[in-house]
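S.K.: Below are the chains, spelled out letter by letter.
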Amino acid sequence: MGASYLAVGWNRQKKIYDWLMFAFCVSYLAAFIVLTAIFNPEYTFETTLIRSTSTLALILLHVILSIGPLTRINNKFLPLLYNRRHIGVTMFCIVLVHGVFSILQFHSLGNVNPFVSLFTSNTHYDSLADFPFQSLGFFALIIFFLMAITSHDFWLHNLSPKVWKTLHMFVYLAYFLVVMHVMLGVIQYETNPVFIIIIAVGATTLITLHLIAGAREVRKDNIEYKLKQNGYVRVCDVNNILEDRAKMFCIENERIAVFKTAGKLFAISNVCKHQNGPLGEGRVLDGCITCPWHGYQYLPHNGQSPPPFKEKVATYDVKLVDNDVWVNPLPYPEGTERPGAVINIQNRKLETESVKGEERAS
Amino acid sequence: MIKPLRKRHLQIWTAWAVLIPIGIISAILVRPELPQDKLLQPAATVALPIILKSLNKESYTINIRSNSDTSQLQLEWINKKTLTYPTATIYQNTANTNNIADAVLIGRIEARGTYHFELKKNSDNNYHFILYDFIHQKTIDSITF
Numbered sequence: 202m203g204a205s206y207l208a209v210g211w212n213r214q215k216k217i218y219d220w221l222m223f224a225f226c227v228s229y230l231a232a233f234i235v236l237t238a239i240f241n242p243e244y245t246f247e248t249t250l251i252r253s254t255s256t257l258a259l260i261l262l263h264v265i266l267s268i269g270p271l272t273r274i275n276n277k278f279l280p281l282l283y284n285r286r287h288i289g290v291t292m293f294c295i296v297l298v299h300g301v302f303s304i305l306q307f308h309s310l311g312n313v314n315p316f317v318s319l320f321t322s323n324t325h326y327d328s329l330a331d332f333p334f335q336s337l338g339f340f341a342l343i344i345f346f347l348m349a350i351t352s353h354d355f356w357l358h359n360l361s362p363k364v365w366k367t368l369h370m371f372v373y374l375a376y377f378l379v380v381m382h383v384m385l386g387v388i389q390y391e392t393n394p395v396f397i398i399i400i401a402v403g404a405t406t407l408i409t410l411h412l413i414a415g416a417r418e419v420r421k422d423n424i425e426y427k428l429k430q431n432g433y434v435r436v437c438d439v440n441n442i443l444e445d446r447a448k449m450f451c452i453e454n455e456r457i458a459v460f461k462t463a464g465k466l467f468a469i470s471n472v473c474k475h476q477n478g479p480l481g482e483g484r485v486l487d488g489c490i491t492c493p494w495h496g497y498q499y500l501p502h503n504g505q506s507p508p509p510f511k512e513k514v515a516t517y518d519v520k521l522v523d524n525d526v527w528v529n530p531l532p533y534p535e536g537t538e539r540p541g542a543v544i545n546i547q548n549r550k551l552e553t554e555s556v557k558g559e560e561r562a563s
Numbered sequence: 017m018i019k020p021l022r023k024r025h026l027q028i029w030t031a032w033a034v035l036i037p038i039g040i041i042s043a044i045l046v047r048p049e050l051p052q053d054k055l056l057q058p059a060a061t062v063a064l065p066i067i068l069k070s071l072n073k074e075s076y077t078i079n080i081r082s083n084s085d086t087s088q089l090q091l092e093w094i095n096k097k098t099l100t101y102p103t104a105t106i107y108q109n110t111a112n113t114n115n116i117a118d119a120v121l122i123g124r125i126e127a128r129g130t131y132h133f134e135l136k137k138n139s140d141n142n143y144h145f146i147l148y149d150f151i152h153q154k155t156i157d158s159i160t161f
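From first to last, the protein sequence lines stand for chains D and R. For what it's worth, our numbering labels the leading residue of the first sequence as 202, then goes sequentially. For what it's worth, our numbering labels the leading residue of the second sequence as 17, then goes sequentially.
FYI, nobody ran anything at the bench for these hints, they're computed from the structure. Remember, predicted model here, so these are calculated numbers, not experimental data. Every residue, glycine too, gets a C-beta built ideally from N, C-alpha and C. Mixed in with the good hints there might be a few duds.
Ranges of calculated distance between the beta carbons of each label pair, as one might list FRET restraints [unchecked claim]:
| no. | chain 1 | residue 1 | chain 2 | residue 2 | range |
| --- | --- | --- | --- | --- | --- |
| 1 | R | 120 | D | 217 | 50 to 58 Å |
| 2 | D | 219 | R | 20 | 26 to 34 Å |
| 3 | D | 227 | R | 154 | 35 to 43 Å |
| 4 | D | 240 | R | 48 | 21 to 29 Å |
| 5 | D | 220 | R | 33 | 48 to 56 Å |
| 6 | R | 142 | D | 394 | 35 to 43 Å |
| 7 | R | 62 | D | 235 | 52 to 60 Å |
Some chain R residues well away from chain D (every beta-carbon gap over 12 Å; in silico) [to be verified]:
| no. | residue |
| --- | --- |
| 8 | 80 |
| 9 | 86 |
| 10 | 98 |
| 11 | 119 |
| 12 | 137 |
| 13 | 141 |
| 14 | 158 |
| 15 | 159 |
Based on the sequences and whatever the hints tell you, model everything.
M.R.: Laid out in C-alpha cells, this is it:
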C-alpha cells in the first residue's frame, strides 16, 4: 500500500520473486539455445531465438493464468499472486522479442512494409489449413502490450477499476489467440509431437483449474441463509469465527466479511478497493483488516483505510443474539462508522473452549 | 473478486473448455501430410558420393546425388547466398507443373546452409522441383532437371 505512486514499491519479497523469475528465464533461454545448437545445428540463430522466446512466453502465460484459480483452491499459492503482474510484464517483453524477430525474419526482406506484408501476404481467412496464423499472434501481442503498459496501480485508479479490469480480462482472449497461433502455425509443419503435447496439457490444466475454482466459488455464493428476522440474516455461530479472522457470507448481492477482533464483531464488504481481493480471507494486523492479496488495510469499525490512505469499503450492521451472528445485508455508505456487536463473557468462554477443541482436533 | 466477475470468469472458461479443444483438434486434422523424416535434415547427413545432375543458380546450387549403384537418390540443396525467404519448402512435382497441390513435399530449408533430402527415383529420370514460400503462400522458383 502506498500513499503515492512509485514505479515499483520494492521490498524483500518482491526482489526474491523477481530474481527467481529472471533466473528461470535466463536459464531457460540459455538451455534452449545450447540444446538447439547441439541437436539442430542447421537452425539459424534467428530461428532459435524466435522459438526459444515463443516457448518461454507460452510457459509463463500458463503460469500466470494458473495462479488465480490455484489461490482460490489453496491459500498456499497466495505468494505467487502478490507479484503476478511482474510475470505478466516479463512475459510481454519476451513476446515482444519473439514478435519483432518474427516480423524481421518473415516479412522484412521483401519490398513491402513488414506490417503490410504481415496482413497481406496471406489472406486465406476462409481456410483453416492456410489460415494467416501470424495475424492471430499479432493481435495477442497488442493485447499483452496494452495490459503491460497499464499494469501499474496508477492506471487502475485513473482508468477506473471497471475499465481496467475489463481491459485485463482480455488476457483470456489473448490466450485463445496464442493457442490457435501455435496450432495453425508451427504445429502445421513441425513433426515433433512435443509441441502439441505442451499445448494440450497446458490448456487442459488451465481449463480444469478454472472450472474447479469457479465451481467452488459458485457453491459458496449459492449457500442459502434461511433464518431472517427484521432485515437481519443469521449467518453463523460466533464460535466459528477465529480471533482476528473472518468468515464470509454471500447474502443477496455480494459477499460480506464478519471479523472478530478486540472483543467485538464487525461486518464490512468482502471486496478490497484495490483489486477486489477477498478481505475476509485476510486477518487483523495492528488493529487493521489486511487484504491477503496486496496488504491494503481497513479499520474494522468504519471500513476506512488508516490515514494517509483514502480507500473505503461499505460497512454493515451486525448483532449477536446468544451465540448467533446476525448480519443486515443492507450496506451503509463506504466509510460509515458502525458500533459492531460486543461479544459478552459467556460467548468468549464458549469461544475459548471451541478454539481449544479445534486446536486439539488439528 | 466481485460476484459479476466470478460469473464472467466461469462463463469464459466454460466457453474455452469447448472452443479450445475444438480448435486444437481441428488444427491437427488439417495438418498437411508430412514425410516421416524430419523436414530439416541434420547437417551431419552424409552426402551420397555421386553427383548425377547439377544446377547452379545465383543464390543456390542443387545436385541430385546417388550411391554407386544408383539404388538411392538424394537431393542436395546448397545455399550460396542468404535466401531472401527465411523459410521455404521444396516440393517435387512429377507432372512438371508449379502446382503444389499435385506435388509431394520433400523438405524444408532455411535462409542458409546445406540440406540433403531423400529422393525417390523417377522412371523417366526427369525431376521437377518447386521452391515454395509457405508463409507468403507463393512459388519462389522452379527447378527442372
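S.K.: All hints, please: hold or fail.
M.R.: Cross-check of the supplied hints:
no., hint, result
1, R/120 with D/217: 50 to 58 Å, "holds (55 Å)"
2, D/219 with R/20: 26 to 34 Å, "holds (33 Å)"
3, D/227 with R/154: 35 to 43 Å, "holds (39 Å)"
4, D/240 with R/48: 21 to 29 Å, "holds (24 Å)"
5, D/220 with R/33: 48 to 56 Å, "violated (36 Å)"
6, R/142 with D/394: 35 to 43 Å, "holds (36 Å)"
7, R/62 with D/235: 52 to 60 Å, "violated (25 Å)"
8, 80, "holds (20 Å)"
9, 86, "holds (27 Å)"
10, 98, "violated (9 Å)"
11, 119, "holds (15 Å)"
12, 137, "holds (24 Å)"
13, 141, "holds (29 Å)"
14, 158, "holds (19 Å)"
15, 159, "holds (21 Å)"
Hint check: violations occur at hints 5, 7 and 10; the rest are consistent with the structure.
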